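Residue numbers (our numbering), protein chains in the order written: chain B, 1 to 241; chain U, 1 to 475.
Read the hints as simulated data drawn from the structure, not as lab findings. This one's a predicted model, so the numbers in the text were calculated from it and none came from an experiment. The beta carbon of each residue, even a glycine, is placed where N, CA and C say it ideally should be. Some clues are possibly wrong.
The calculated lysine-lysine pairs, modelled on BS3-like cross-linking and capped at a C-alpha distance of 25 Å, are [unchecked claim]:
# : chain 1 : residue 1 : chain 2 : residue 2
1 : U       : K342      : B       : K110
2 : B       : K110      : U       : K343
3 : B       : K210      : B       : K37
4 : U       : K173      : U       : K241
5 : U       : K343      : U       : K287
6 : B       : K110      : U       : K287
Partial pick of chain B residues on the chain U-facing surface, computed with a CB cut under 10 Å [unchecked claim]:
#  : residue
7  : R13
8  : L61
9  : L99
10 : G191
11 : L201
12 : C204
13 : R205
14 : T208
15 : P209
16 : K210
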Amino acid sequence: MNAPLTLETLRQRVRLLERPAARYAGTLPFGVPNIDKHLPEHGLALAALHEISGGGADAGLAACATAFAAGIIGRLGSTVLWCAQTQDIFGPGLALAGLQPDRVLYAEAKDEATMLLVMEEALRHTGLGAVLGEVRHLPMTASRRLVLAAEKSGVMAIALRRRAAGADAPNAARTRWRISPSPSLPLPVPGIGRARWQVDLTRCRGGTPKSWIMEACDAQGCLAVPAELADRSAAAERQAS
Amino acid sequence: MAGRVGSKRIVVAADTQAQERGLMPGMAVAQAQAMQPDLRIEAADPAGDAAGLTRLAGWCLRHVSPLAAASPPDGVWIDVTGCTHLLGGETALLSMLAGRLSQAGFSVRVAIADTPGAAHALARFGDAPLTVNAPGGVRKSLAPLPVSALRLPEESVQALRRLGFATIGDLMKAPRAPLAKRFGGLVLRRLDQALGVSPEPIEPLLVPEIPRTRMGFPEPIATADDLARAAGLLAERLGEKLLRRGLGVLQLDLVFARVDGLSQVIRVGTSAATRDPAHLTRLLVQKIETVDPGFGIEQICLSAPITDVLGARQVLSDICTDGMSADLSALVDALTNRLGAKKVFRLAPVQSDVPERSMRRIGPLARAEGAGWPENLPRPPRLFTPPQPVQVLALLPDHAPKNFVWRRQPYRVRRADGPERIFGEWWRSAEEACSVRDYFSVEDEAGQRFWLFRRGDGEDFSTGDLRWYLHGLFG
Chain B
1 MNAPLTLETL RQRVRLLERP AARYAGTLPF GVPNIDKHLP EHGLALAALH EISGGGADAG
61 LAACATAFAA GIIGRLGSTV LWCAQTQDIF GPGLALAGLQ PDRVLYAEAK DEATMLLVME
121 EALRHTGLGA VLGEVRHLPM TASRRLVLAA EKSGVMAIAL RRRAAGADAP NAARTRWRIS
181 PSPSLPLPVP GIGRARWQVD LTRCRGGTPK SWIMEACDAQ GCLAVPAELA DRSAAAERQA
241 S
Chain U
1 MAGRVGSKRI VVAADTQAQE RGLMPGMAVA QAQAMQPDLR IEAADPAGDA AGLTRLAGWC
61 LRHVSPLAAA SPPDGVWIDV TGCTHLLGGE TALLSMLAGR LSQAGFSVRV AIADTPGAAH
121 ALARFGDAPL TVNAPGGVRK SLAPLPVSAL RLPEESVQAL RRLGFATIGD LMKAPRAPLA
181 KRFGGLVLRR LDQALGVSPE PIEPLLVPEI PRTRMGFPEP IATADDLARA AGLLAERLGE
241 KLLRRGLGVL QLDLVFARVD GLSQVIRVGT SAATRDPAHL TRLLVQKIET VDPGFGIEQI
301 CLSAPITDVL GARQVLSDIC TDGMSADLSA LVDALTNRLG AKKVFRLAPV QSDVPERSMR
361 RIGPLARAEG AGWPENLPRP PRLFTPPQPV QVLALLPDHA PKNFVWRRQP YRVRRADGPE
421 RIFGEWWRSA EEACSVRDYF SVEDEAGQRF WLFRRGDGED FSTGDLRWYL HGLFG
């Protein structure tokens, strides 16, 4: 009768067997059914490391990836830490992607090694919702350390890869995302509409890679399914008739 | 200023105005009065000066470094080893010091060098009022200074001059044995101290009202573990002391006295008053790797130079947590002490239409104001500072770009929005009074979005030179 419940309990039990130290802190759903359904945990696991990098024309500066990450941590509802080396973050832009200024602490590190140390230290602190670091390299060892710290405290860790070097090298991230710009639909009037991204899930533990075309984060940090894709069947029917 | 040497009244100090008119310290008062009949003479007060200097050293102790001492008649020693990071580096520290003291009405000369002797000489005889001597550069920068910079008695200086030793460089080149024979050990000792060959510990000032605890070791300790354990014990004891006095720590100094008489210092700051020994120990232990124990450490002293009233704290219920929860202060302290002051911050909105002025850094634990930026204007998450020049093809006066070249890469614009006109803030400068920027959001064929602006309104050249810049990238 309550088969899904049993399945979920079993999953949790397996999870505990796999890594007893890990805390199951819950997930953060995207609020978009076709992405959430595809992810094994129906959202982004909180006590885990996720990697987000820029793709396509935006691979170097990763502005789309920045907005995507801001949307995710903005929806957590608690204070987050943003570690960076360069200070080209623009607060008003992040607020438009759903990350309000009152809830972000910024930390400026002089090199990448310091930043990874700072991230790890901050991840041990349970008062935060997420710790995000703008890193170029994310070797296996460093990512393992972040994962262990995140699992212990239940704080989400995000590695935002900018000008990513060795982007395909394996690391311990639970999910790896690549966000590239995608042409938006022409409006009936001059101007530009909501931006579109190609969201690639390139790696997902316990799941399979997949790609979506999504509309960019709104001021609440929520993605949306493009209108013509959402009711494609209806549109197709209309065309057929 | 007039003082007495034996039975003679002489000028002890003269201000710049008096010195311009030919009055010199060391001159008889009668002679000075004869030269300037309207001279105002004040009695010198050496005891008062010394007390003032000690007070000044006490201020430095709180705000610059835990090892500070008065250096009569006119100086203050500060050992800044291990403390510069809290004030943003050596140069920043010196300018802060010079600025604060000149505001208080002192005329100041400051110098940082490898050794106290060299700093003393450079501050008094160096070219600039603010000198930061590069590590290892003592020998080179001391060479051109006169021998009187070595803190020698007047008669030794005179005798050296008579023998043709004008600068410290001459002294460095001279054979040592004859010098020692002729002048006693002092000249060579001062020279060695200035060059860092022989050590010169500063006897730090002790201010009785600063809470402190000490721990001596019968056998010197040197390992990081031992030091950390000792720091933990001291933090506990200091916590008890502070509890009795109802105080919390804002700044904490841990001074390690080494066997060879030199001191090593850890200074950490906290963002909110605290006396939790575990938290304080964590902050100190983080820094212990910076301590060089040398041949061993025989005494450790923990003090809290800056404190604040901290009563017993009521545990907040879950209901009334206001935005930033209170326990973030521990994290902020740990990060600040690792990265340095001003490196941990929040961004707050500023009421300005000019994008680069529309945010400012505020303290990490500042009260959340709930204010935001206008939500209906397009703003990118990444901003280039300074804006990057691009070559643009666009119709004047206010059409969006058709295509543009950025970093030698051509982009064709598919869709565009704008202009959003932003005027210069006329109250800031005359140049800005009539300047205009027109901002466009554009999307290229791949869907990448750019925030471009043109200086000037496209019609009137006085509003800008019609150059185009890329100011940000949209997500």
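Status of the hints after comparison with the structure:
1. U:K342 with B:K110: holds (13 Å)
2. B:K110 with U:K343: Holds, at roughly 9 Å.
3. B:K210 with B:K37: Holds - the C-alpha atoms of B:K37 and B:K210 are around 12 Å apart, at most 25 Å.
4. U:K173 with U:K241: violated (55 Å)
5. U:K343 with U:K287: Status holds; Cα separation ~17 Å.
6. B:K110 with U:K287: holds (17 Å)
7. R13: violated (30 Å)
8. L61: For B:L61, the interface hint holds, since the closest Cβ of chain U sits about 6 Å away, which is under 10 Å.
9. L99: holds (9 Å)
10. G191: holds (5 Å)
11. L201: violated (18 Å)
12. C204: violated (22 Å)
13. R205: At about 26 Å, which exceeds the 10 Å cut-off, the nearest Cβ of chain U leaves the hint on B:R205 violated.
14. T208: Check failed: Cβ of B:T208 comes no nearer than 25 Å to chain U, outside 10 Å.
15. P209: violated (21 Å)
16. K210: violated (20 Å)
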